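Asks: Sequential numbering from 1 applies to the sequence shown in the numbering used here.
Since the hints were derived computationally from the structure, they do not count as laboratory data.
Because the structure is a prediction, the values reported are computed rather than measured.
Do not rely on the hints blindly, as some may be mistaken.
[As the list claims (entries may be wrong)] Using 20 Å as the maximum straight-line C-alpha spacing, the simulated SDA-like pairs for lysine to any residue come out as follows:
1) Lys143 / Ser30
2) Lys247 / Thr226
3) Lys64 / Arg31
4) Lys234 / Glu109
5) Lys216 / Gly233
6) Lys216 / Glu149
7) Lys188 / Ile147
8) Lys143 / Gly198
9) Lys166 / Ile202
10) Lys75 / Ile28
11) Lys68 / Val42
12) Lys71 / Arg32
13) Lys141 / Tyr221
14) Lys216 / Arg201
15) Lys189 / Val165
16) Lys136 / Arg32
17) Lys16 / Arg74
18) Lys199 / Val220
19) Lys166 / His209
20) Lys64 / Ser39
21) Lys145 / Arg205
22) Lys143 / Lys199
23) Lys136 / His196
24) Lys199 / Gly167
25) Lys145 / Gly224
26) Lys49 / Asp35
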Amino acid sequence: MNRKPISINKPSRPEKIRLNRYIASSGICSRRDADELISRGVVEINGIKTTELGTQVNPGDTVKVNGKTIKNERKIYIILNKPKDTLTTTDDPEGRRTVLDLVQNATNERIFPVGRLDRNTTGVLLLTNDGDLASKLTHPKYKVKKIYEVRTAQNVTEDMLTTMVKGIELEDGLMQVDAISYIDPASKKDVSVEIHSGKNRIVRRMFEHLGIEIIKLDRVYFAGLTKKTLARGKWRFMSPKEVGWLKMHK
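Start from the sequences, fold in the hints, and give me the full structure.
Replies: This is the structure in structure tokens:
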């Protein structure tokens, strides 16, 4: 009688991970920025400084950046419908409300907002601890699409729409919108603006240059994300499918 050989599965060894990936996974920066930290000599593994970019981290190793211990965290992705009078920052020395105050019970991981909406701009905002994804979504070369709905105090003329498409010379260069139109043809005070620039307060500054006061500025679209089903000030976790789509975003 032939006996079948008994197969014994050996326990898999814990995998090593590249140091720059480990640092990025902690949520403090992207892998590219992690390489810069390593090169500058501010990274330690088990108390020993390392400047080699290909260094591997073993399970159980202690990694410090600028003297502070970091850890490889699970990735968190949250969509927030940001309300007015809220700062897009991780903390405020003056004690004003920040977007992290609105999601403080969501996770124990260290998350941060991707990009910036000024204090009184509302709308869709991504919060995560995925440094690589955040770097990609805010890098100019990827031209991430953003759509804002704007309500103004004065009528916006068709000539003004044309001017914003052609470009307006501001203090930091020529600024253009990718598309602009009236939301309701019957109203010249409600406008939809599509841009990819990530420069600070770009929509407000373009309208101000034309002498138009913005009453309400709401971001309704960011990199494929919307705030549908989310009331103002509310948030939700992204689904694995949404995260996968976002990572493939070009």
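Asks: Quickly compare the C-alpha distance for Lys166 and His209 to 20 Å and report which way the hint goes.
Replies: This hinted pair holds, its Cα atoms lying about 14 Å apart.
Asks: Has the given pair, Lys189 with Val165, been kept, meaning a C-alpha gap of at most 20 Å?
Replies: holds (17 Å)
Asks: Given the proposed pairing of Lys143 with Lys199, does the C-alpha separation stay at or below 20 Å?
Replies: This hinted pair holds, its Cα atoms lying about 12 Å apart.
Asks: Please work out if Lys247 and Thr226 have their alpha carbons no farther apart than 20 Å.
Replies: holds (16 Å)
Asks: Within 20 Å, alpha carbon to alpha carbon, are Lys199 and Val220?
Replies: holds (18 Å)
Asks: Would the hint linking Lys49 and Asp35 be met if the CA-CA limit is 20 Å?
Replies: holds (14 Å)
Asks: Is the hinted pair Lys141 and Tyr221 satisfied, with a Cα-Cα distance of at most 20 Å?
Replies: holds (19 Å)
Asks: Holds or violated: Lys199 and Gly167, Cα atoms, limit 20 Å.
Replies: This hinted pair holds, its Cα atoms lying about 14 Å apart.
Asks: Are Lys16 and Arg74 close enough, with their CA atoms no more than 20 Å apart?
Replies: Roughly 16 Å between the alpha carbons, so the hint for Lys16 and Arg74 holds.
Asks: Assess, step by step, whether the Cα of Lys143 is no farther than 20 Å from the Cα of Gly198, and give holds or violated.
Replies: Holds, at roughly 9 Å.
Asks: Sort out whether Ser39 lies within 20 Å of Lys64, counting only the CA atoms.
Replies: holds (14 Å)
Asks: Starting from Lys136, check that the Cα of His196 is at most 20 Å away, please.
Replies: OK: Lys136 and His196 at ~13 Å, within 20 Å.
Hint violations for this structure: none, all hints satisfied.
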